[in-house]
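Using the hints, build the complex out of the two chains.
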Amino acid sequence: MSMKLKDLAKKEELLAPGHRLCAGCAASIIVRQVLKVLDDKPIITISTGCLEVATTIYPYTSWKVPWLHTAFENVAANASGIESMMKVYERKGILKKRPHVIAFSGDGGTYDIGLQALSGAFERGHDYLHVLYDNEAYMNTGIQRSGGTPHAASTTTSPAGSVIPGKIQWKKPIARIMVEHNAPYVATASPSHWRDLMLKVEKGLKVEGPAFLHILSPCPRGWRYPTDRTIELAKLAIETCIFPLWECEKGEYRVSAPSMRYVKRPERKKPIEEYLKLQGRFRHLFNPKRMDIIQDIQEHTDREWKIILKRAELAS
Amino acid sequence: MSVKQKIIGINGDEAAAYALKQCKVDLLSAYPITPQTIIVEKFSEYVANGEVETEFVTVESEHSAMSVCIGGAAAGGRVCTATASAGLALMHEMVFVAASHRLPIVMTVANRALSGPINIHPDHSDSMAERDSSWIQLYAENPQEVYDTVIQAFKIAEDPTVQLPCMVMFDGFIVSHTLQNVSVLPDNIVDKFVGRRRIPKINVMGREIEYKLDVKNPLTMGPLALFDYYFEHKRQQEEAIRNAKQVICEINDEFAKISGRKYGDGLLQPYGHEDAELAIICLGSTAGTARTVVDEYRTKGIKVKVIRLKAFRPFPASELKNALKNLKLVAVLDRSGGYGAIGGPVFNEIRSILYDCKERPRIVNYIYGLGGRDVTPKLIKKVYEDLEDILKTGKVEENVKFLGVR
Numbered sequence: 001m002s003m004k005l006k007d008l009a010k011k012e013e014l015l016a017p018g019h020r021l022c023a024g025c026a027a028s029i030i031v032r033q034v035l036k037v038l039d040d041k042p043i044i045t046i047s048t049g050c051l052e053v054a055t056t057i058y059p060y061t062s063w064k065v066p067w068l069h070t071a072f073e074n075v076a077a078n079a080s081g082i083e084s085m086m087k088v089y090e091r092k093g094i095l096k097k098r099p100h101v102i103a104f105s106g107d108g109g110t111y112d113i114g115l116q117a118l119s120g121a122f123e124r125g126h127d128y129l130h131v132l133y134d135n136e137a138y139m140n141t142g143i144q145r146s147g148g149t150p151h152a153a154s155t156t157t158s159p160a161g162s163v164i165p166g167k168i169q170w171k172k173p174i175a176r177i178m179v180e181h182n183a184p185y186v187a188t189a190s191p192s193h194w195r196d197l198m199l200k201v202e203k204g205l206k207v208e209g210p211a212f213l214h215i216l217s218p219c220p221r222g223w224r225y226p227t228d229r230t231i232e233l234a235k236l237a238i239e240t241c242i243f244p245l246w247e248c249e250k251g252e253y254r255v256s257a258p259s260m261r262y263v264k265r266p267e268r269k270k271p272i273e274e275y276l277k278l279q280g281r282f283r284h285l286f287n288p289k290r291m292d293i294i295q296d297i298q299e300h301t302d303r304e305w306k307i308i309l310k311r312a313e314l315a316s
Numbered sequence: 001m002s003v004k005q006k007i008i009g010i011n012g013d014e015a016a017a018y019a020l021k022q023c024k025v026d027l028l029s030a031y032p033i034t035p036q037t038i039i040v041e042k043f044s045e046y047v048a049n050g051e052v053e054t055e056f057v058t059v060e061s062e063h064s065a066m067s068v069c070i071g072g073a074a075a076g077g078r079v080c081t082a083t084a085s086a087g088l089a090l091m092h093e094m095v096f097v098a099a100s101h102r103l104p105i106v107m108t109v110a111n112r113a114l115s116g117p118i119n120i121h122p123d124h125s126d127s128m129a130e131r132d133s134s135w136i137q138l139y140a141e142n143p144q145e146v147y148d149t150v151i152q153a154f155k156i157a158e159d160p161t162v163q164l165p166c167m168v169m170f171d172g173f174i175v176s177h178t179l180q181n182v183s184v185l186p187d188n189i190v191d192k193f194v195g196r197r198r199i200p201k202i203n204v205m206g207r208e209i210e211y212k213l214d215v216k217n218p219l220t221m222g223p224l225a226l227f228d229y230y231f232e233h234k235r236q237q238e239e240a241i242r243n244a245k246q247v248i249c250e251i252n253d254e255f256a257k258i259s260g261r262k263y264g265d266g267l268l269q270p271y272g273h274e275d276a277e278l279a280i281i282c283l284g285s286t287a288g289t290a291r292t293v294v295d296e297y298r299t300k301g302i303k304v305k306v307i308r309l310k311a312f313r314p315f316p317a318s319e320l321k322n323a324l325k326n327l328k329l330v331a332v333l334d335r336s337g338g339y340g341a342i343g344g345p346v347f348n349e350i351r352s353i354l355y356d357c358k359e360r361p362r363i364v365n366y367i368y369g370l371g372g373r374d375v376t377p378k379l380i381k382k383v384y385e386d387l388e389d390i391l392k393t394g395k396v397e398e399n400v401k402f403l404g405v406r
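Those protein sequences? They're chains A and B, same order as listed. The numbering of the first sequence is the numbering used here, which starts it at 1 and goes up by one. The numbering of the second sequence is the numbering used here, which starts it at 1 and goes up by one.
Careful: at least some of the hints might be erroneous.
Simulated coverage check for chain B against chain A, where a stretch passes if three residues somewhere in it have a Cβ under 8 angstroms from a Cβ of chain A [what the hints assert, rightly or not]:
1. 56-62
2. 76-90
3. 222-232
Below, computed lysine to aspartate or glutamate pairings styled on EDC-like, alpha-carbon distance capped at 16 angstroms [unchecked claim]:
4. B:Lys216 / A:Asp292
5. A:Lys310 / A:Glu252
6. A:Lys87 / B:Glu277
Partner residues aside, some chain B positions facing chain A, computed with beta carbon under 10 angstroms [stated by the list, open to error]:
7. Met66
8. Gly71
9. Asp214
10. Asn217
11. Pro218
12. Cys357
Because the hints were derived from the structure by calculation, they are not lab data. Glycine included, every Cβ here is placed at the ideal spot set by N, Cα and C.
So here's chain B without its partners, still in its complex pose (with noise of 0.2 angstroms):
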């Protein structure tokens, strides 16, 4: 039984303003940057109001912002920071030291292009160039699922089995400035399922101790391994973040239980006919374009889907196979380019499990959307179109085509 929940206007960055501040994280270090900046504005009111205690660290760029962060969460705390585009290439260098502390932060990314041209419209080039950090990455699709994915964010995060860092993306503008009505959990229903921050226990010299800086169990965090010890650091993140899918499976259906929302298995989540041919694979805001004009198909009879790929790290690969095997022809559309790749990065993953498969539906690709150019019916309407000719044609003329570009 889910909860009585309150209904509120709100954007996403406020949504996820709302979801950091009952998560009540003990520190929040962050750079302004659009469009996430109303993130820590609503958070620094939170402070000035005296509604948290969180230590508020108003850095001087995105790169001590991570860097608080990290010293924060090396010393125990529950932390997160929010930023888009530039601000996330500038912390780059420490997004990969997060991952390989095993440090549980979240960071919450409206996304935005990358310079240049300067832009400050969503597509999600920023995100993308941390796919292989060992980050999770989490994309949401309006406020209301920014607002669930945050508190998710956390538990994923600091499972035992886990303990890698957690991105919560969701579109720039498209999500983080559009009101709304989001329903929000009691406070302390939101404590409850997210709980204090968990600190798994190491084994240093025959001693158990808490992986933190304790003056009382001193660790030495951040040494320097070379060619005899990193490779098998390395190899523990890639099974922390495998472990990471049934986590975020289990989190997905227990949230549902307090709040009565899922999103899909947590990982996927399909719409449409069961028994379509063809289908779209999209991340972020575009799934909601495109569930309008599957609905509109559906009154006409045609049978399309599309599936939106919630979890883009760890990549489900498993349940996408199993997503895909009745399908005929399916397109992917990718807000970012692959320069010099055969196509976007969700496509070449896609495509290459697909490999596996003795019988698998042909993939095209599409890149949409960069620099925010915008995503309408009609734009996704010209995929399912021109996946209805490939299939009466049998004929596929570019395997990767610009949409929506002059």
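For reference, chain A alone in the conformation it holds in the complex (with noise of 0.2 angstroms):
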């Protein structure tokens, strides 16, 4: 597949605009990535949560490929059932090759209601690419903490109030809790490293098996910052190295090259608060008798950071 931008921008678009994502949405930047990387067309299929309430709303549809939808925590489950009949049509001799299958589901519908499903998916080890777009909280029902918000964000449920600041627990590592499922293929990948991420996709769609691709989403609304600052966020969280970008093929872990800046310079790696000032989530955080929380989530983003950097065996 061609990297190039004008080729990329002559590809059809897949996802048709008019649908009411936010202004600022990082969800349909990311699967407008997705989705150019691919030459013939897939079968999606997305857990319930903004992305899909915002796209299909009957009698409208923004999707120009085959698509599904039953509930919150299952996605997984019906992509193995997509999975499973593509197998029966190429084995019958009624299809000549399998389309891709490719899952959405947000933070929720992956690291907390969906998280059985996709155990059972992956270890079973059906040929699909599962792409969570993780905006860190449950945004469809109003920016309610989930296990991928960060600590110490103000959400809904877990609000900055005078006793607790925010989310008190730490973000799941879900990307490496997929690799423990010894899949072939997972990955990191950001919508402001666009060519980073494509050809994470075009690798995750090649591999036999399950493949998990970690996308970083900000939400203007449960962030709680301009909508045009979407992609400055989205690079910052690399800059930061609060998200690194890696991927993980048969259990070798490597640093993807975005990230591999800040191994080779440390000194270039941007301090956190940098990446959390622009957050209103964050904004308790930076009231001089809290400075001590920012102090927590720096030495926490170090020691993830480490821990990717002994893996892809970068530190000792």
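What follows is the structure, encoded as structure tokens:
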């Protein structure tokens, strides 16, 4: 596949405009980046969430590909069923080539309520790509905390109060959990680094068996930032190393080029405040009495970064 | 003329598995749960021995089992699952979605009591909890009928005027684990009878396309429909399940031609004296016990009958009205509770249809057999004796009684 912008721009958009996602929402940017990779139409299945409700308000749909939604917690099982049926068609000679099956789910449908079905599908080894668009809270129901919400973020079920400063727990390392399923391909990606993201989609589709792609999806409403700063925030997550870009093929971790810069030149790594200060969900941390939490987040970010470097054999 | 059939000794679960094999399902996805487990065990043997071409997806929960089935059926496959009790309850959400997506999935349910207390034995609390899901519900009485009904279920569900999923119920252990000589049709006869899955065409922006996930003809399945469209979707489901009634009857007749076996009109199966004044109405295996009691009464010259309700959804209202019109007194046996309601679910529905009748029998309800409490001929006799008393005295002491409870 050509990765030239000129060629990509000529490719048909499989997600039509006119959907009701918020201005500045990263989800539709991510979907378009993912779908641009494909030369043939895939079958898409989506769990209940922002992306689903905003793109298929009956009798309209934004999807120019076959598409299935059933519920919140089971998109991996829906994908399993579709993929199994495609195998039947292939075996019977009804289809010469199986179409790719891609599942999209938000953090709720992946980290939390959807984890069981996801784990089951990966254990069984269905050949599909699971894309997590991680906006770090239950945005569709109005910004409630999830297993993907970062520490100290203020949400409507972990509000920054006078006693408890936002979410108490830390973000669950979902991509590493998927690696430990012995998945043939797991990667993290960001819409700010579209070429890296698209190459990872291509790899994920190419491997035999389940592939998992964890994509950071900034959300202006939930993260509380102006709608024109989505890509800037996605980029800052990489520059501060709070969201390292890496991939893991058959158990071998590799830090991706955009994050590799900070392995080679650690002094270029931006302090975590740069990322936090743009977001209203962390506003309460900038109270002089609460600066210790920012320090905690920095230390946690460094620790998590080191875990990836160690796994990629870039640190001891 | 029915065809020559092989007689094999199998239990209800094995009968279900055998029928699924002969219906050449594309995909079977299930999670083991007593008393259904033998179905998936038996089917996995067929898979392991290369006797079927089915994709067998051994999921991590019943919720995923139904979700896999929906994915497979949406992609155009003939799919099925099997479950019971807690398993059915766990997939409850997806049971409704399968119906609203209009996917003709077949599910065998070895009826088992819902927790709690946890119990593995039969009652109908599991499937009754799904009665408003717009699935077709057929209750079989014995392993032979399980076999026959599973084969019919695909044809009913896949009928172009229906396009709804279908549950085939049978009592756990009493039917699922009890051996019977079952007459089975040759593979090619079943294949011809059931045929390939028929996929309806739908009109999308002026184009007729098959209702399935197909890259050549993309469709959005399972969109969001709010107050402006949801209601119409649900109204269409009602239309479809009403259509199922006639289809069930036709397929019952058609199946009789090849097998020589017929279950009443496909909806109801009455047994006993034509001029009976007293009747018991029940579902499932209890009908067999009731028939032995009816026979006993017949030798004594007492005119009673038993009406077995094979189809609970769609509910055969007009057929029941007709069947009940000459009766004086009816006892409805419910193998599930109607907690806080006026009796069990079967009683409520039957009493409701009688309201429109000018001449109607009196009707009483017995909740019985919960959690597998044994249903003996003696217990059934107790019901007929009660009915005889009511007929003599004209008095009903209690409309709803608990039969066989301590």
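Now for the hints, and whether the structure bears them out:
1. Residue count for the segment 56-62 of chain B with a Cβ under 8 angstroms from a Cβ of chain A: 5. That meets the three needed, and the coverage hint holds.
2. Given a C-beta distance limit of less than 8 angstroms, the hint that chain A covers the segment 76-90 of chain B holds, as 3 residues qualify and 3 suffice.
3. With a cut-off of 8 angstroms between beta carbons, the segment 222-232 of chain B has 6 residues touching chain A; three or more are needed, and the interface restraint holds.
4. A threshold of 16 angstroms between alpha carbons decides the hint, and for B:Lys216 with A:Asp292 the separation of about 57 angstroms lies outside it, so the pair is violated.
5. Between the alpha carbons of A:Lys310 and A:Glu252 the distance comes to roughly 11 angstroms, so the proposed pair stays at or under 16 angstroms and holds.
6. The hinted pair formed by A:Lys87 and B:Glu277 fails the criterion: a straight-line CA distance of about 58 angstroms is larger than 16 angstroms.
7. Satisfaction of the interface hint for B:Met66 is found here, the shortest Cβ-Cβ separation to chain A being roughly 8 angstroms, below the 10 angstroms cut-off.
8. The criterion of a C-beta within 10 angstroms of any C-beta in chain A is met by B:Gly71, whose closest approach is roughly 2 angstroms, and the hint holds.
9. Interface hint at B:Asp214: satisfied, since its Cβ lies 6 angstroms from the closest Cβ of chain A, which is below the 10 angstroms cut-off.
10. Of the supplied interface hints, the one on B:Asn217 holds, with its beta-carbon coming within about 8 angstroms of a beta-carbon of chain A, less than 10 angstroms.
11. Because the smallest distance between the Cβ of B:Pro218 and any Cβ of chain A comes to about 5 angstroms, under 10 angstroms, the interface hint for this residue holds.
12. The interface hint given for B:Cys357 is broken, as the beta carbon of that residue sits about 41 angstroms from the closest beta carbon of chain A, more than 10 angstroms.
Consistency note: the structure conflicts with the earlier hints numbered 4, 6, 12.
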